[in-house]
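J.: Sequence:
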Amino acid sequence: MDAPQTPRILAPHLQQFQYRTVRMLGKVTALRGETAQIDAGGNVELVLNRDCHLALNHAVEIIGKVDAKLSVKVQAATDFGTNIDFDAANAVVDATHRYKEIFYDDP
Numbered sequence: 276m277d278a279p280q281t282p283r284i285l286a287p288h289l290q291q292f293q294y295r296t297v298r299m300l301g302k303v304t305a306l307r308g309e310t311a312q313i314d315a316g317g318n319v320e321l322v323l324n325r326d327c328h329l330a331l332n333h334a335v336e337i338i339g340k341v342d343a344k345l346s347v348k349v350q351a352a353t354d355f356g357t358n359i360d361f362d363a364a365n366a367v368v369d370a371t372h373r374y375k376e377i378f379y380d381d382p
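Here our numbering runs 275 ahead of the position in the sequence shown, where the first position is 1.
These are calculated hints, taken from the structure and not from any lab test. Since the model is a prediction, treat every value here as computed from it, not as a measurement. Worth double-checking, as some hints may not be accurate.
[Claimed, not checked] Below, simulated DSBU-like cross-link-like pairs (lysine-lysine); rule was C-alpha separation at most 30 Å, straight line:
| id | residue 1 | residue 2 |
| --- | --- | --- |
| 1 | 375 | 302 |
| 2 | 344 | 302 |
| 3 | 348 | 302 |
| 4 | 302 | 340 |
[Unchecked claim] Label pairs and their calculated CB-CB ranges:
| id | residue 1 | residue 2 | range |
| --- | --- | --- | --- |
| 5 | 374 | 344 | 23 to 31 Å |
| 6 | 357 | 380 | 32 to 40 Å |
| 7 | 376 | 293 | 36 to 44 Å |
| 8 | 369 | 332 | 22 to 30 Å |
| 9 | 354 | 308 | 17 to 25 Å |
| 10 | 309 | 375 | 27 to 35 Å |
| 11 | 308 | 381 | 31 to 39 Å |
Where a beta carbon is used, it is the ideal one built from N, C-alpha and C, also for glycine.
Could you put the whole structure together from the sequences, leaning on the hints where they help?
T.: Written out as structure tokens, the structure reads:
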């Protein structure tokens, strides 16, 4: 059985991936109890689960489902610290969408 697809996206892709599980890398810009905000090519609201342990100004990769309000309900989060080259990471996302037939099925 194939593993579930988690296309890498940025904030501008949220609408296209509504109700799908995605992967995002962003910088934590706000923490508010059960929600957080990351900058992933634009602001993205996260709905956290109790296993999320995010740190302000750290890079985080999240896997989650885009909801009706274009927030992402987090299923898993990985802290990548503060030494991330977001330009390189965003170039990977760009390549993923430019050659999407390699990486994911169209929504």
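J.: Each hint: holds or not?
T.: A quick look at each hint next to the structure:
no., hint, result
1, 375 with 302, "24 Å, holds"
2, 344 with 302, "20 Å, holds"
3, 348 with 302, "16 Å, holds"
4, 302 with 340, "18 Å, holds"
5, 374 with 344: 23 to 31 Å, "30 Å, holds"
6, 357 with 380: 32 to 40 Å, "34 Å, holds"
7, 376 with 293: 36 to 44 Å, "21 Å, violated"
8, 369 with 332: 22 to 30 Å, "24 Å, holds"
9, 354 with 308: 17 to 25 Å, "18 Å, holds"
10, 309 with 375: 27 to 35 Å, "33 Å, holds"
11, 308 with 381: 31 to 39 Å, "36 Å, holds"
Figure legend: structure checked against the earlier numbered hints; the only hint not met is number 7.
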